[in-house]
Amino acid sequence: MPKKKFQNDAVFLNQIPEFENVETTKLEKNYLKVIYTNLFISFSLVSIILIITVANLELYNTGTIFEISLGLYFLFWLLIIIYYIMSFKRRSYRFRDHDVIYKYGVIYHTNVLIPFNRIQHIALHQGLFSRMYGLASLQFYTAGGATTDINIKGLKLETAQKFKTFVSEKIEKIDKR
Amino acid sequence: MKKEIVDKYSVFRKQSKVGALVFLFDSIRKNAVNFLFILVPTGFDLLVFVIVSLVFIFILSIYAYIQYYYFEYSFDFEKSEFLVKKGWLKKTKLSVPFEKIQQVNINQNIIHKIFSLHEIQMDTAGSKDTEVDIKAVSREIAEDFKEISETIKKRISKSFDKNIDIKTSEESLEIDLITLVKTGLTSRYFETLGAIIALFFAGVAMLNDLEIDYAPVIVDLYYETDFNLFAVSIVIFVAIYIVLMVNLCLTLIKYYGYKAFKKLQNMEVKYGLIQTKSILLSPIKVQEFRSTQNWIQKRINLRNVRISQASSMNVAAPNRRNIVDVPGCSNEQMDKLFDIIYENKINDEIVVRPSIRKFLINLSFFTILPTIIFIILHKNVDFLNNTYFLNFSVFYFILSSFSAWRFYRNSMLFYSKNFIRIQSGFWDIKTKTIENYKIQSVMLYQAFWHKKFNLGSIILLTAGGMSYITTCNYDILKKITNNVMYNVETSKKRWM
Numbered sequence: 000m001p002k003k004k005f006q007n008d009a010v011f012l013n014q015i016p017e018f019e020n021v022e023t024t025k026l027e028k029n030y031l032k033v034i035y036t037n038l039f040i041s042f043s044l045v046s047i048i049l050i051i052t053v054a055n056l057e058l059y060n061t062g063t064i065f066e067i068s069l070g071l072y073f074l075f076w077l078l079i080i081i082y083y084i085m086s087f088k089r090r091s092y093r094f095r096d097h098d099v100i101y102k103y104g105v106i107y108h109t110n111v112l113i114p115f116n117r118i119q120h121i122a123l124h125q126g127l128f129s130r131m132y133g134l135a136s137l138q139f140y141t142a143g144g145a146t147t148d149i150n151i152k153g154l155k156l157e158t159a160q161k162f163k164t165f166v167s168e169k170i171e172k173i174d175k176r
Numbered sequence: 000m001k002k003e004i005v006d007k008y009s010v011f012r013k014q015s016k017v018g019a020l021v022f023l024f025d026s027i028r029k030n031a032v033n034f035l036f037i038l039v040p041t042g043f044d045l046l047v048f049v050i051v052s053l054v055f056i057f058i059l060s061i062y063a064y065i066q067y068y069y070f071e072y073s074f075d076f077e078k079s080e081f082l083v084k085k086g087w088l089k090k091t092k093l094s095v096p097f098e099k100i101q102q103v104n105i106n107q108n109i110i111h112k113i114f115s116l117h118e119i120q121m122d123t124a125g126s127k128d129t130e131v132d133i134k135a136v137s138r139e140i141a142e143d144f145k146e147i148s149e150t151i152k153k154r155i156s157k158s159f160d161k162n163i164d165i166k167t168s169e170e171s172l173e174i175d176l177i178t179l180v181k182t183g184l185t186s187r188y189f190e191t192l193g194a195i196i197a198l199f200f201a202g203v204a205m206l207n208d209l210e211i212d213y214a215p216v217i218v219d220l221y222y223e224t225d226f227n228l229f230a231v232s233i234v235i236f237v238a239i240y241i242v243l244m245v246n247l248c249l250t251l252i253k254y255y256g257y258k259a260f261k262k263l264q265n266m267e268v269k270y271g272l273i274q275t276k277s278i279l280l281s282p283i284k285v286q287e288f289r290s291t292q293n294w295i296q297k298r299i300n301l302r303n304v305r306i307s308q309a310s311s312m313n314v315a316a317p318n319r320r321n322i323v324d325v326p327g328c329s330n331e332q333m334d335k336l337f338d339i340i341y342e343n344k345i346n347d348e349i350v351v352r353p354s355i356r357k358f359l360i361n362l363s364f365f366t367i368l369p370t371i372i373f374i375i376l377h378k379n380v381d382f383l384n385n386t387y388f389l390n391f392s393v394f395y396f397i398l399s400s401f402s403a404w405r406f407y408r409n410s411m412l413f414y415s416k417n418f419i420r421i422q423s424g425f426w427d428i429k430t431k432t433i434e435n436y437k438i439q440s441v442m443l444y445q446a447f448w449h450k451k452f453n454l455g456s457i458i459l460l461t462a463g464g465m466s467y468i469t470t471c472n473y474d475i476l477k478k479i480t481n482n483v484m485y486n487v488e489t490s491k492k493r494w495m
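Protein chains in written order, with numbering that gives the first Met the number 0: chain A, 0 to 176; chain B, 0 to 495.
Wrong hints could be hidden among the right ones.
[Said to hold, decoys possible] Far from chain B, some chain A residues (derived; all Cβ distances over 12 Å):
no.: 1; residue: F39
no.: 2; residue: F42
no.: 3; residue: F73
no.: 4; residue: H108
[Stated by the list, open to error] The following label-pair restraints were derived from C-beta to C-beta distances:
no.: 5; chain 1: A; residue 1: T36; chain 2: B; residue 2: F388; range: 55 to 65 Å
no.: 6; chain 1: A; residue 1: L127; chain 2: B; residue 2: K78; range: 27 to 37 Å
no.: 7; chain 1: A; residue 1: S91; chain 2: B; residue 2: K492; range: 26 to 36 Å
no.: 8; chain 1: B; residue 1: K262; chain 2: A; residue 2: I84; range: 52 to 62 Å
no.: 9; chain 1: A; residue 1: T36; chain 2: B; residue 2: V32; range: 24 to 34 Å
no.: 10; chain 1: A; residue 1: K88; chain 2: B; residue 2: L46; range: 53 to 63 Å
No wet-lab data here; the hints were simulated from the structure.
Where a beta carbon is used, it is the ideal one built from N, C-alpha and C, also for glycine.
Just chain A, with the same shape it has in the complex (with noise of 0.2 Å):
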């Protein structure tokens, strides 16, 4: 192997696509709903089994602490609330002519990038919520492994559908080539 240079800027192609200069787009409204849903059944759930730990220990009093800690119960979903609302509009995907783009993440800002001559399979999802409001979730497999397998949820069933062929002509023409 070679030495180490020193920066060469030659080395990198100019003219080529740049993905940050891409508009992407955001995903349906509705998909707001499901999570809204999605959220509702967790919080039911989980307060019905708190409920019943307090009702069957006797833990229940008027005293601060217990208030305390209510109030706490409250605000840890407010806050869960509060993120997947942000996280939903963080998402944001791309499909441009050799490669899909998908945006996400609050905490991290992250982009993920898989170019379609090197997509194993596709999945499309559909759960009963989003069935309800008519969207599909569309998932890309690599090679690579599940760290960056790309799943966009929240798309119109339509949508997902003209995307998943769109993607899977480009396959065949790559491997055909």
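Could you slot chain B onto chain A? The hints should help.
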């Protein structure tokens, strides 16, 4: 392909009806542990046992039937895709292009044999799980699948043949005994030390099992022993000696007679004293070329190399045939290996280094914070209020800040037209080399508090694993991402 087969499989088909039973037995096997959990509180009353079992099996039957009922598969021969529909509440449609199917396995377990059914599994490259698992089909359909997969395989091997170019040079690499001794004495300190410590604790556990009361002995020893320099250095000396000897023996037994040579377009590796191992390495499948060198090895021009190739994990995991280790070679020998495997050479490289913030953050979390805790403990806990503990704290402070500095200085990314090299480590310095066009996907991320400093991190994924570097100039990382994407998307070469 025969027209009748095309017609037969172009529509969505369910599995064999008896297949629902296979699902049932499968879920019973998987849920047996849960069943025991339900059963334990019932106190093993016979009546309760029968009722619980019946309810349990009833629920599982419904579950199995739903799984069976909503599972459909078909082939789309026009688009060359295999399709699966599954799920009741959460519906999934899966499409796997024929070209990506690496393997079609047809299995039979006892339940399959009773009902003369077959299970069909399809694997694609890289991922850990079987992508498609058709649990139960009749013999006839299994036969058809064999035929279809043969046709698919032929197609794949045709496209494979096109890309092979045979390098004619005959090269080989041998590792002599002296190099092996050197390697044994200079590498894998931490791993062996870890193993010895694990053995030590196993020994302690055994003493516990034998109910030997050793605690007072140790406490006596702690108070009676005069922790003078001589005693401490003898203990350290013995520890180092054991680690070195264990390493040396293991290396010699494992790698004795190491030889790597070129065979047509592949490389074959043979080694072993007691049991000779032989591994075939196909350059097109190589995903990662990793070399490791520590401070001592650098002085004597020695390094360890590990070459990982891609393959379907299910098949390869048991004996780890995907990984070729080269125990000790010189820089020249490594270059020779590199040339055997890769067509291209590494040209001009750009060096990307992390920001000094990385060092400062590591320093504050792993050096300053623990040291403060040590000092507080020293002041407040009687047991630790002695010079030895103070010495230990000072020793820890020096060693960990030095490590943090080495860790920061050695973290580097080298970008060139065909290769990316990522270096990391503080004692054993690892350098992973990956070919740009073999990258599967790129992940680029930035913590929101790093935005104003224009810092970010990058993860590059290949079928051989991931490589990453954190806290670097974000603009350069973006440039690298764009260039990698361009390289991959314009590449027509096979990546495995």
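Here's how the hints hold up against the structure:
1. F39: 17 Å, holds
2. F42: Holds, because the least Cβ-Cβ distance between F42/A and chain B comes to about 20 Å, which exceeds 12 Å.
3. F73: 26 Å, holds
4. H108: 5 Å, violated
5. T36/A <-> F388/B: 55 to 65 Å: 56 Å, holds
6. L127/A <-> K78/B: 27 to 37 Å: Holds, since L127/A and K78/B (Cβ atoms, about 29 Å apart) stay within the stated range.
7. S91/A <-> K492/B: 26 to 36 Å: 32 Å, holds
8. K262/B <-> I84/A: 52 to 62 Å: With Cβ atoms ~60 Å apart, the hint holds.
9. T36/A <-> V32/B: 24 to 34 Å: 32 Å, holds
10. K88/A <-> L46/B: 53 to 63 Å: 57 Å, holds
In this structure, the one hint that does not hold is number 4.
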